[in-house]
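J.: With chain A's structure known, arrange chain B on it following the hints.
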Amino acid sequence: MRTFCFDFPRIFIAGLQGGAGKTTLTVGIIAAWRKYGKSIAAFKKGPDYIDAGWLALAAGRPCYNLDTFLLKKKDVLLSFLTHILPNDLAVIEGNRGLYDGIDLEGRTSSAELAKLLAAPVILCADCTKTTRTMAAVISGCIQFDPDLNLQGIILNRVAGTRHEQNLRRNIEHYCGIPVVGSVPKLDARHFPERHMGLVPTPEHVLAKNAADAAAEIAKNYIDLELLEKIAQSARSHVFSLEDRSVPAPKKTFTAADRPKIGIIRDSAFQFYYPDNIDALTKAGAETVFIRATEDRTVPETDALYIGGGFPETHAEILAENTGFRNEIRQLAEKGLPIYAECGGLMYLGESLVIDGKIYPMTGVLPIVFGISPKPQGLGYTIVTVDRQNPWYPVGTEIRGHEFRYSRVLEWRGSDCDMVFRMKRGTGFANRRDGISYKNVFATYTHIHALGVPAWAKTLVANATAYKSSKR
Amino acid sequence: MSFPRIVITALRGGAGKTLISIGLTAAWKAQGRSVAPFKKGPDYIDAGWLSLSADRPCYNLDTFLITSEAILSSFQFRAKAGDIAVIEGNRGLYDCISIDGDTSTAELSKLLKAPMILCLDCTKTTRTMAAIVSGCCRFDPDAQISGVILNRVAGSRHESNLRSSIEHYCGVPVMGALPKLDEQSFPERHMGLVPTHEHVWAKQSVDAAAKIAQKYLDLDSLARIAEKAAAVPLPFAEPPGMPFSAGEISPVIGIVRDSAFQFYYPENLEALEKAGARLLFLSPFADASVPDVDALYIGGGFPETHAGELADRQQFREEIRRLAENGLPIYAECGGLMFLGESLILEEKKYPMSGVLPIVFGLSAKPQGHGYTIVQVSGDNPYFPAGSQIRGHEFHYSHVLEYRGKAEDMVFSMKRGKGITEKKDGLCYKNVLATYTHIHALGTPQWAQSLVRNALSCRKAKKMAAGQIR
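First to last, the protein sequences are chains A and B.
Under our numbering, the letters of the first sequence match residues 1294 to 1764, in that order.
Under our numbering, the letters of the second sequence match residues 58 to 527, in that order.
Take these hints with a grain of salt, some might be off.
Stated by the list, open to error - Only part of the chain B face toward chain A is listed, based on derived beta-carbon distances under 8 Å:
| no. | residue |
| --- | --- |
| 1 | Gly149 |
| 2 | Cys153 |
| 3 | Ile156 |
| 4 | Gly158 |
| 5 | Arg184 |
| 6 | Ala188 |
| 7 | Ile189 |
| 8 | Cys193 |
| 9 | Phe196 |
| 10 | Pro198 |
| 11 | Gln201 |
| 12 | Ser221 |
| 13 | Ser222 |
| 14 | His256 |
| 15 | Lys260 |
Claimed, not checked - Each pair of labels, with its calculated beta carbon distance range:
| no. | chain 1 | residue 1 | chain 2 | residue 2 | range |
| --- | --- | --- | --- | --- | --- |
| 16 | A | Gln1681 | B | Ala211 | 34 to 42 Å |
| 17 | A | Asp1516 | B | Ala211 | 31 to 39 Å |
| 18 | A | Asp1505 | B | Glu126 | 54 to 62 Å |
| 19 | B | Lys272 | A | Ser1665 | 21 to 29 Å |
| 20 | B | Ala211 | A | Lys1365 | 28 to 36 Å |
| 21 | B | Lys272 | A | Val1701 | 28 to 36 Å |
| 22 | A | Glu1609 | B | Trp258 | 40 to 48 Å |
| 23 | B | Pro415 | A | Lys1328 | 47 to 55 Å |
| 24 | A | Ser1665 | B | Pro409 | 52 to 60 Å |
| 25 | A | Ile1610 | B | Gln261 | 44 to 52 Å |
| 26 | B | Gln261 | A | Lys1328 | 52 to 60 Å |
| 27 | B | Gly436 | A | Ala1452 | 30 to 38 Å |
| 28 | B | Gln446 | A | Gly1330 | 54 to 62 Å |
Since the hints were derived computationally from the structure, they do not count as laboratory data.
These figures come from a predicted structure and were not determined experimentally.
A virtual CB, placed ideally from N, CA and C, is assigned to each residue, including glycine.
So here's chain A without its partners, still in its complex pose (with noise of 0.2 Å):
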């Protein structure tokens, strides 16, 4: 066994419901903290390309997504201390409501995420058109789970003073809880909130200026020292782990053999775990980033990772690409291991129709995939292996998520072809996905390196295979 132990000050941000605001504020409060000098260590729960992009924006570092669904829970401890620098201050970002989990217990919520990281917790509650009747619903959350640290509220979408007056003298006398902070309704000018939606980069001015008006609004309305006493407050916890849990160190390869894996990354394929590529690196691998927007020409590689992002709206760049687009189709023929996910699905396809126009892709899997105005598939997955392929021994459980507005609209595959049956989820057809062709391998469920330690393994393992392969 051994010991381990959280002694640094941590603070969770959840809210009542998914659009209180609490993105906003926690960007808000990182930037803020950060001008201030401290160094952050940010958090999303759940699976979360775009606020953990935030996150990491305004924390000038990476932001690391814990999820108690994708991730067991030792995998979720150990990733929380192993993100932690010297002097850090973490910052936890729940999802949708606090108590929100996929069954009639909670497990997977955000309360019980703030449990095992044994972090105060901070509710936004939106205020619009309540007074009174919010004591009530914080009280009811308090109650609820006793366990819970449950330390201060902010409230979000105040009205004017008076409106703010009712608020803090009703939840102080009813609920014995201080309000951190008070935050008007925003307006544009304020605060460009249109832009949260898409996924920050550090080159976008507008991002950036996003986050030093989050800096602004959380300055001016949250009371920042009481919300680091409060974080200082967390105690200490102290935890123990079997050693065959704590992973292995990094492998290592000579110079010669080691592989060289390439990841499409650009504004159509942006949604990558920080945790993702730091496996293939932890499992040997020399990483490489590609632009199927911009790059002419595929560069040497052993191995391609294609992650998920908007392709639809990138599609007359991707398809304009033709070299870049047949490259990838050769090498796909040649037996380059591929690993796609979502976006990188698409763009494995054979076209994609827009608006009655058809933008061809790479064709190396007979799909033409469309675009829907309303998701398709949304929530987490369970999927069960249950046919051979070069990347998931059959029997194994893999957990995940999917999150996509396009869809099938000709698929000229058979479900054999599809290793995949879908126990939770849409998946990419007749409840199958995870299509195997040669030794690529495309499906529509994102999966946490974390979660999912073989898939790291494996893909570098192809990846030095096709390596000597070549030779």
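T.: For chain B alone, kept in the frame of chain A given last:
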């Protein structure tokens, strides 16, 4: 008398309460039930919709504006035998201006011993709703939450998660689940407007709400909850109104009611009749000149959206001014106050109003006064004795650009609320009294009596003048 009753409330404003109340009222009516609608709070618009869907007046019940006794009396005597009462709450069920919650929807439901149904906006939340509902159930153990309605549910997985969590943790039954509705299913944009029977869109909206209720609400279970309440006796209350004898001659009070001036509590008009007046409805749009009346009551509304049309009615405006100068009693609230001013300036364009009062109004994008008011009558006027206190509410986007009168001409001191300017309101000139505060006749019984008394004096004076000429 005792009858089935139910309160439709929510966690906050904007949770879909009005749509559900209208739909429930119209759907029950379609089943052949007789529905008596009530609305909590100072509100003309929601009440108008409930009235349209029940096809009878909707009365306002509000424990800030009206005493508990008067509420019990109004509630018991306005419903008829065989009625089922639907009371729509306002804002969140426990929302109140004071910390003890004495004027909240929950208090009204306790006063009327009517069970509450809580409408929940379930957007982007699941099991947390169970924590919230149990918080509401425990917050006031005397409050009776008998069911919940899930609103804006995003599909069957979302619904079943919410249902099982709420039923498991709260022991409260789910009485319906409405999906997120789009514009095609229900034209909600109309809901902020006062409907009238002539409006085809209003009738269509009510029909659409009824269809939604029939499709997604458990109408029979809701009726059973309401019927169970019928067995609970209510405290004895005196019948409302204490007729004021106007003598053998009934004065005529003109009510300016049209698309520009729409905000009248039915109780206010009934109180004038009970106090002995005959009512004559008139409008600057329908009447070229002001008919022969002994007093005028001009309620609130939207003069700003009718500024051009009102300005065009030059003869009508000038007559109002002449009549005011001659001593006609005029009681005006909010939009009525604006119409009595000198002009209304919208986007730098000046629209002349009736010019009775030396005041120029502008319009803001945000409410300039919003909420309950308490006024102390601080100066003499023909309506309220100095020293008395009146409760009402204000809700206006207009503001004063110029006021050339004296501070003493305003006979109300605001103990709560904004008023016209500098915490003053109640602009009095001759027999005219104009204020931003809307009063409710059941909460301010002397209002109807004073207005009728003033109308009677005016009528007598006119008769005497006619007699002298003869």
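J.: With reference to the structure, classify each hint as holding or not holding.
T.: For each hint, the structure was consulted:
no.	hint	verdict
1	Gly149	holds (3 Å)
2	Cys153	holds (5 Å)
3	Ile156	holds (6 Å)
4	Gly158	holds (6 Å)
5	Arg184	holds (5 Å)
6	Ala188	holds (4 Å)
7	Ile189	holds (5 Å)
8	Cys193	holds (5 Å)
9	Phe196	holds (4 Å)
10	Pro198	violated (12 Å)
11	Gln201	violated (14 Å)
12	Ser221	holds (6 Å)
13	Ser222	holds (6 Å)
14	His256	violated (26 Å)
15	Lys260	violated (28 Å)
16	A:Gln1681 / B:Ala211: 34 to 42 Å	holds (38 Å)
17	A:Asp1516 / B:Ala211: 31 to 39 Å	holds (35 Å)
18	A:Asp1505 / B:Glu126: 54 to 62 Å	holds (58 Å)
19	B:Lys272 / A:Ser1665: 21 to 29 Å	holds (24 Å)
20	B:Ala211 / A:Lys1365: 28 to 36 Å	holds (29 Å)
21	B:Lys272 / A:Val1701: 28 to 36 Å	holds (32 Å)
22	A:Glu1609 / B:Trp258: 40 to 48 Å	holds (42 Å)
23	B:Pro415 / A:Lys1328: 47 to 55 Å	holds (53 Å)
24	A:Ser1665 / B:Pro409: 52 to 60 Å	holds (56 Å)
25	A:Ile1610 / B:Gln261: 44 to 52 Å	holds (46 Å)
26	B:Gln261 / A:Lys1328: 52 to 60 Å	holds (54 Å)
27	B:Gly436 / A:Ala1452: 30 to 38 Å	holds (33 Å)
28	B:Gln446 / A:Gly1330: 54 to 62 Å	holds (56 Å)
Hints 10, 11, 14 and 15 from the list above are not met by this structure, while the remaining hints are.
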